[in-house]
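> Let's have the full structure, built from the sequences with the hints guiding it.
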Amino acid sequence: MSTIGSGPAIVTRALQRTIVGQEGVIEGLLLGLLCSGHVLLEGPPGLAKTLACRSLADALHGEFKRIQFTPDLLPSDIVGTRIFDQRESAFTTVRGPIFANVVLADEINRAPAKVQSALLEAMQERQVTIGPQTHPLPDPFIVMATMNPLDSEGTYALPVAQMDRFLLKVDVGYPSRNDELAILERFAIADAPVVGPVATLDQVREWRAQAHSVHLDDALKRYIVELVVITREAQHPTIDYGASPRATLAIANLARAKALLEQRDYAVPDDVRSVAPLALRHRIGFNFRVTAEGGPSRVLEQLIAKVPTP
Amino acid sequence: MTVTQLTLASDAATPHIEVPFHLIITAHVRQRVAELDNLDLPILAELELLGSERTTVASRSGSTYRETITVVAHHSGAITIAPVTLDAVDARDGKAKRYFSNSLTIQVAGPGAAIVAADDAWQGMRALAEALLRLLVIVIGIVGVVFLIVALIRRRPSPPVPVVTLAPAKPIARDPKVALQEALETLRRERTRAGAMRARSIVRRMVGASDAETLADVLQRPLAADPSLRDLLRALERAGFTYDADLNVAVAAAIAQLERMTR
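The listed protein sequences derive, respectively, from chains U and W.
Start counting the first sequence at 0; every next residue gets the next number (numbering that gives the first Met the number 0).
Start counting the second sequence at 0; every next residue gets the next number (numbering that gives the first Met the number 0).
Check before you lean on any hint, since a few could be wrong.
Said to hold, decoys possible - Straight line, CA to CA, 20 Å or less: simulated EDC-like cross-link-like pairs of lysine to aspartate or glutamate:
no.	chain 1	residue 1	chain 2	residue 2
1	U	Lys220	U	Asp264
2	U	Lys305	W	Asp210
3	U	Lys64	U	Glu124
4	U	Lys220	W	Asp210
5	U	Lys64	U	Asp105
6	W	Lys96	W	Asp39
7	W	Lys94	W	Asp39
8	U	Lys305	W	Asp216
9	U	Lys305	U	Glu232
10	U	Lys113	U	Asp71
11	W	Lys176	W	Glu258
12	W	Lys94	W	Glu129
13	U	Lys113	U	Asp163
14	U	Lys113	U	Asp76
15	U	Lys220	W	Glu212
16	U	Lys64	U	Glu120
17	U	Lys220	W	Asp243
18	U	Lys305	W	Glu212
19	U	Lys220	U	Glu232
20	U	Lys64	U	Asp138
21	U	Lys220	W	Asp245
It is worth saying that the hints were derived from the structure and are not from the lab.
The structure is reproduced here in structure tokens:
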């Protein structure tokens, strides 16, 4: 495995040609891709969330579909429906936009719960049932959902169980001054450059297999468990409930993928510590006191710092 | 107001025609009140009302209202007295309720006639059920209050979690050459994962870091700025966490780096 991780690095470089800064977003998307997990991006408008998702699909030569979530969206608008063909006197299935390799669920919290459930069921089962038939979704299948934290009017908060289905959540922040200057120079007079395909879907499947085989030492497994358990047992005044065992699995998978991105076939404590916030932040029930303590990220940072690394 | 008792009774065991006797209404509420409003007495059509006396006694357990009505019967036979009613707002749930006492049937007859307490079997069962219900409500209330107090105590915000910030460690006074030689000997003696972790610990202490820091933390330390030392730290990290088939190669790489640095 001398060239391990060199493939995903090509995709990273391709995305960096289009996306200025936002290393966290690019890495989050790659981690989701390598783990076969879904990614939730939360950030204000205008931070290239949609562009990043679209660029990833273009770089993979995969099929990309975007669904703009609105309050009047119906489940059949996502998964598809059956219509009656009068010429054939039979029902035919019309597949929805969920049948794509990369699906962007833009502003997922603008649709009501039944629509969110239709999408999230597909995310979990990787198949959808339309009428009497079950249709498997393409492989790879990754959902990237975006949320805007600034505007809560007319939105439907994602239930805890549905948040848990996302492998990781990336908080998208504003770019630095230098990055903003680069954005100005790059996009002021031209559209964003189109990312050409740099990898095939077969390669993606191969990378996923490589990520899956990355060695995770027993000491790191115990470290992961301690990181999750402390969210439940710390009795922190800002936490109502801790992370689920799904978070344990998510951190382990993400640490393996992170090691692959670093072109290693073994994970180290740095891998675990760097991905833990991505897997934990949206799985912990923070209460109102968290604002006074500096926000969820700050509290989580404190908790992670309390766990000794191996 | 919380009404815990409302009864109607007679003090005469054998009332006789034209002999006064007393009807006694007793009410007990948990609150301390001067008097009970909204207490409706039954119409005593077959008895002559001679007078009444009211007392209200407040105590720690609440207030007891007692009204003694002096009456007289002018003919024999059974006289049924309807229940006394009391309208009050229940303090437990804030709802307006009407409370009923028991009814009373008095048998006034000739000589030897006896008053028959009119509480029939159903009334008795109802009173028993009400008493049990009141007891149950009291027990649930006490348990609820205790639970609430315990919950409030447990939810009291604990002091903020202290931020664990690793104080910059003081440089070790030892000669780095000595520490590196020690790490090399450790790794040569024990070419296992445990040996690699021991050598890793020695080198980390040499740069002022602890075992609880990750490699990224260690590499940020000023004493770890030397490129060859950084390579050594990475090699030891690999030897500590790589898979078994790669362990020998990783340990050999760490030893080679240590040998270069101690030469």
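> Hint by hint, say whether it matches the structure.
Consistency of the hints with the structure:
| no. | hint | verdict |
| --- | --- | --- |
| 1 | U:Lys220 x U:Asp264 | holds, 16 Å |
| 2 | U:Lys305 x W:Asp210 | holds, 14 Å |
| 3 | U:Lys64 x U:Glu124 | holds, 19 Å |
| 4 | U:Lys220 x W:Asp210 | holds, 17 Å |
| 5 | U:Lys64 x U:Asp105 | holds, 10 Å |
| 6 | W:Lys96 x W:Asp39 | holds, 14 Å |
| 7 | W:Lys94 x W:Asp39 | holds, 19 Å |
| 8 | U:Lys305 x W:Asp216 | holds, 15 Å |
| 9 | U:Lys305 x U:Glu232 | holds, 12 Å |
| 10 | U:Lys113 x U:Asp71 | holds, 11 Å |
| 11 | W:Lys176 x W:Glu258 | holds, 11 Å |
| 12 | W:Lys94 x W:Glu129 | holds, 18 Å |
| 13 | U:Lys113 x U:Asp163 | holds, 17 Å |
| 14 | U:Lys113 x U:Asp76 | holds, 12 Å |
| 15 | U:Lys220 x W:Glu212 | holds, 17 Å |
| 16 | U:Lys64 x U:Glu120 | holds, 17 Å |
| 17 | U:Lys220 x W:Asp243 | holds, 16 Å |
| 18 | U:Lys305 x W:Glu212 | holds, 11 Å |
| 19 | U:Lys220 x U:Glu232 | holds, 18 Å |
| 20 | U:Lys64 x U:Asp138 | holds, 14 Å |
| 21 | U:Lys220 x W:Asp245 | holds, 19 Å |
No hint from the list above goes unmet by this structure.
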